[in-house]
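Q: Going down the list, the sequences are from chains A and B. The letter at position 62 of the first sequence is residue 62 when you use this note's numbering, and the numbering goes up by one with no holes. To get this note's numbering, take the position in the second sequence, counting from 1, and add 135.
The hints are simulated quantities; they were obtained by calculation from the structure and are not laboratory data. Hints may contain errors.
[What the hints assert, rightly or not] Some residues of chain A that are not near chain B, with every Cβ distance over 10 Å (derived): (1) Lys4; (2) Arg13; (3) Asn54; (4) Glu112; (5) Pro118; (6) Ile119.
[As the list claims (entries may be wrong)] Capping the alpha-carbon separation at 30 Å, the derived lysine-lysine pairs in DSS-like fashion look like this: (7) Lys544(B) - Lys221(B); (8) Lys128(A) - Lys498(B); (9) Lys222(B) - Lys128(A).
Ideal Cβ placement from N, Cα and C applies to all residues, glycine included.
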Amino acid sequence: MANKISLNLISGRTIQQGMCIETGKEKPTYRTACGIIEMDPSDLKKMGAWKNTNVRVTSEYGTVVVKAIETTQGPHPGVGFIPMGPWANSVVNPNTYSTGMPTFKGTPVTVEVAINEPILLGIELVQKQCGVKVG
Amino acid sequence: MTKAVTDVVCPFCGTLCDDLEVTVSDDGKQILEVANACVIGTAKFMHSQAKDRLTRPRMRQEDGSWKEVSYEEAADYTAKILAGAKKPLMYGWSSTNCEAQSMGHEIAEMCGAVVDNTAAVCHGTTLIAVQDIGLPSCTLGEIKNRADRIIFWGCNPAHAHPRHMSRYSIFPRGFFTGKGQKSRKVVVVDPRLTDTARLADIHIQIEQGRDYELLNALRVALNNEWLPDVVAGVPKEKIREVADVLKSGRFGIIFFGMGVTQTLSKNHNIDEAIALTKHLNEFTKYSIMPMRGHYNVTGSGEVLAWQFGFPYSVDLSRGFARYNPGDTSTIDLLARGEVDAMLTIASDPGAHFPISCVKHLAKIPSVCIDPHQTPTSGVSKLHVPVAFVGIEVGGNAYRMDNVPIDTRKVVEPPEGMKTDEEFLTMVRDRVKKIKGVK
Numbered sequence: 001m002a003n004k005i006s007l008n009l010i011s012g013r014t015i016q017q018g019m020c021i022e023t024g025k026e027k028p029t030y031r032t033a034c035g036i037i038e039m040d041p042s043d044l045k046k047m048g049a050w051k052n053t054n055v056r057v058t059s060e061y062g063t064v065v066v067k068a069i070e071t072t073q074g075p076h077p078g079v080g081f082i083p084m085g086p087w088a089n090s091v092v093n094p095n096t097y098s099t100g101m102p103t104f105k106g107t108p109v110t111v112e113v114a115i116n117e118p119i120l121l122g123i124e125l126v127q128k129q130c131g132v133k134v135g
Numbered sequence: 136m137t138k139a140v141t142d143v144v145c146p147f148c149g150t151l152c153d154d155l156e157v158t159v160s161d162d163g164k165q166i167l168e169v170a171n172a173c174v175i176g177t178a179k180f181m182h183s184q185a186k187d188r189l190t191r192p193r194m195r196q197e198d199g200s201w202k203e204v205s206y207e208e209a210a211d212y213t214a215k216i217l218a219g220a221k222k223p224l225m226y227g228w229s230s231t232n233c234e235a236q237s238m239g240h241e242i243a244e245m246c247g248a249v250v251d252n253t254a255a256v257c258h259g260t261t262l263i264a265v266q267d268i269g270l271p272s273c274t275l276g277e278i279k280n281r282a283d284r285i286i287f288w289g290c291n292p293a294h295a296h297p298r299h300m301s302r303y304s305i306f307p308r309g310f311f312t313g314k315g316q317k318s319r320k321v322v323v324v325d326p327r328l329t330d331t332a333r334l335a336d337i338h339i340q341i342e343q344g345r346d347y348e349l350l351n352a353l354r355v356a357l358n359n360e361w362l363p364d365v366v367a368g369v370p371k372e373k374i375r376e377v378a379d380v381l382k383s384g385r386f387g388i389i390f391f392g393m394g395v396t397q398t399l400s401k402n403h404n405i406d407e408a409i410a411l412t413k414h415l416n417e418f419t420k421y422s423i424m425p426m427r428g429h430y431n432v433t434g435s436g437e438v439l440a441w442q443f444g445f446p447y448s449v450d451l452s453r454g455f456a457r458y459n460p461g462d463t464s465t466i467d468l469l470a471r472g473e474v475d476a477m478l479t480i481a482s483d484p485g486a487h488f489p490i491s492c493v494k495h496l497a498k499i500p501s502v503c504i505d506p507h508q509t510p511t512s513g514v515s516k517l518h519v520p521v522a523f524v525g526i527e528v529g530g531n532a533y534r535m536d537n538v539p540i541d542t543r544k545v546v547e548p549p550e551g552m553k554t555d556e557e558f559l560t561m562v563r564d565r566v567k568k569i570k571g572v573k
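Isolated chain B, as found in the complex:
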């Protein structure tokens, strides 16, 4: 007899869907089917069952080949390189639970490390903007039940957050949005006609990198002031039309993504998007929300912020927490060659950092803690495969709207495999010994 596990939380994107149903074998060791998840979530659950999965740590040898080692040996090496480094970097944290993050921070404090999460290459500039001018936000539940104006700016949930639109933003029938999609007007701003844009009532095909100008022009249009004929490749008539649509709603939400955080004006784009939200609140009710990528990048920001006061790029090398993106941020530290050991966990900088930064990572002593084989494990000295959080071990995660949700354990990990938290605890105990901390 198979067993159905209900209300399973999906550990892929920041939407953190909590309605999955997973069918497991009678002995609780194998996942047979996944229902309600998107294709990516399903792929993650099913891939955890792969027969060719690595189940033990492996160390790179002189000749470039891998040698299997025990978790104890792996923890010894990790503790040694972190405790012995002048400025170690502990990066990632976004695809693991808050418990493991907290354990990692204990190690970081003892070793004087820099702790950074994937916001560094994702919504880091959003966090800077929030510190600049604040963030009028809300929960996804409020959006489902109330929002009748949905703006997706520089984000493509059809590909990156596949169930976001059906659960919260475009299609669901909420308390005050009983007609679902018909209750809402959807505006998408993107330089491409994305699959999300195809679902929109209005697609603004903005000239790439001109987000600041268009956001500003919308604010001008809200005030009925003079506009040039074309702004960011968009005719002024269209800008005025969109401004009227935005104003006429009862409750609006601006979702934004990498299209604004990673283009040249970076945090200033977000400043202006938040200012537009504030401005719209003079006419009606508006909120704004970043489309967070990894399922627990928000949690990493939360845990860092309540423990050290800053949400990412936290430098503990002087014995107290410093935060100065551009100086204490991972990309800049790697580009300048300022770190001398690196622990990567629950993320893949090897694939997602500019190659010039990965080159430095490949030169220094490094550990990659990840269930998968990745470009990061491919250039690291030690690869520690661990259990999948949200599948083989539970733990806390934060949804993109800062709502904490406990993920669930669905199956047992392969025999003898450690979780992120267990492995980091082993490292923490060893670092304590090396540093003489009681």
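Bound-form chain A, shown alone:
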């Protein structure tokens, strides 16, 4: 049975993210590289989902649909990793606590299976959340 689980979310660079920002953020490859959450196999098991399942990640600050993949740089049970980009930034903690720096690492999130929900493209995701009219 699928469960909602809690994780500590961090974001950061990956080499795939680096390549995709230089080869076109409008392309689906950007989504493949960054519209994901890397999860420990034990957390996938706890959630009751196979790897490569679409999931909804929700925090106090927002919600986003990404693909849950088995971690490439683990193990890290209890920690979720979304590469830096609009998907991660839909849920990170924007508070700077007067330092000017958002708290990009260490946002408590819940993750649940969202098998029928689409993962949006990068530019589309930002435009939709900002209510930008696209012709």
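Based on these hints, arrange chain B on the given structure of chain A.
A: Chain B in isolation, oriented as in the chain A frame:
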């Protein structure tokens, strides 16, 4: 006949590799091959040649569609919104040359703008810590030739600075490090077993967000004082072992990244990392260096600092330079809705800012100067594609260790395309007219 251009500087990350070889077509208009660069650098050079690249500015219409406009019209609009705003924000600057940055600052001064670079979401907290307690640092060349203890704390160069390890930090054979990797002990501190951690002699899998405690515990261990059984998820025996490894080197370097700058304790993490460096200097020689991300974010800090006295988040709205992160910093200004026009250049806040801040950017008059289509251009009113600095135009950039390097022009930009500096000069001239400045 193709031509080979040697000693090309890579305009991607702060490592600013200067040994690329680029093969260009006989007419000098097309890049055919890139040698010596990492995959990201190669991708950047090759993508500049994309057939679907935008070559003219475009303005968003009422119905949401784009309309192509001339650079003159684009400069008119940019000058109008910046000169007419009460508190415009000019953000980015990290993927362009120092010449363009300086031109931008002229505009900012006339318009009473806030000027901020990507340190705002990167090493801004490092800069605060440096102002607090200083920074004992060195150059990457010294590290290559001397360092036998390498610590990567909260950074993952295998992914973010792919050639850093082979050029400077882990593998190269230097003057006093003739055996390359065998001359060095590498320690990686990261909550994940990253690809950098796999190359390390010691990986400390720290509990996320507990960097301050562990840095402090290492200082305690250096003094052989009492430690609790576990600190930040790390057993005290391991902390003592690492402290001994650090102490036993001849020359050590602590590289640190977003793992410490973006977690909750922020600048205090860096304070403590610098204090650890100072402490280690009681035993042997140590330096510390931030792993700067964009290839010229360091340059933006330098240019801002020599022109206005502060390295980022500079508020010129009162006619003199103010600096107070939390107040004059981009994220806070956007979150509070305090700016009424925004120019973004050489960066992508649309993708890399928390979405609540991007929402304000989408509401106000905005210009995005960027060769690529990005989430920022996707929410801006005007998108101005420009030539790639370091590929289609040269100019000065600063490496992560504050060494200035002149980037090289390798090919011509598509016909009629302006560079960052040329476009900003057009805007500067228009702003001068509007403001009546001679």
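Q: Are the hints correct? Go through all of them and say.
A: Hints and how they fare:
1. Every C-beta of chain B lies more than 10 Å from that of Lys4(A), the closest at about 21 Å, which supports listing it as non-interface.
2. With a least CB separation of 4 Å from chain B, Arg13(A) falls inside the 10 Å interface cut-off, contrary to its annotation.
3. The Cβ of Asn54(A) sits about 19 Å from the closest Cβ of chain B, beyond the 10 Å cut-off, so the non-interface label holds.
4. No beta-carbon of chain B is positioned within 10 Å of the beta-carbon of Glu112(A); the least distance is around 20 Å.
5. Against the 10 Å criterion, Pro118(A) stays outside the reach of chain B, whose nearest CB is about 17 Å from its own CB.
6. Non-interface status of Ile119(A) relative to chain B is upheld: no Cβ of that chain comes within 10 Å, the nearest being about 15 Å off.
7. A threshold of 30 Å between alpha carbons decides the hint, and for Lys544(B) with Lys221(B) the separation of about 38 Å lies outside it, so the pair is violated.
8. A hinted pair counts as satisfied when its Cα atoms are at most 30 Å apart, and Lys128(A) with Lys498(B) qualifies at roughly 13 Å.
9. The hinted pair formed by Lys222(B) and Lys128(A) meets the criterion: a straight-line CA distance of about 27 Å does not exceed 30 Å.
In this structure, the hints that do not hold are numbers 2, 7, in rising order.
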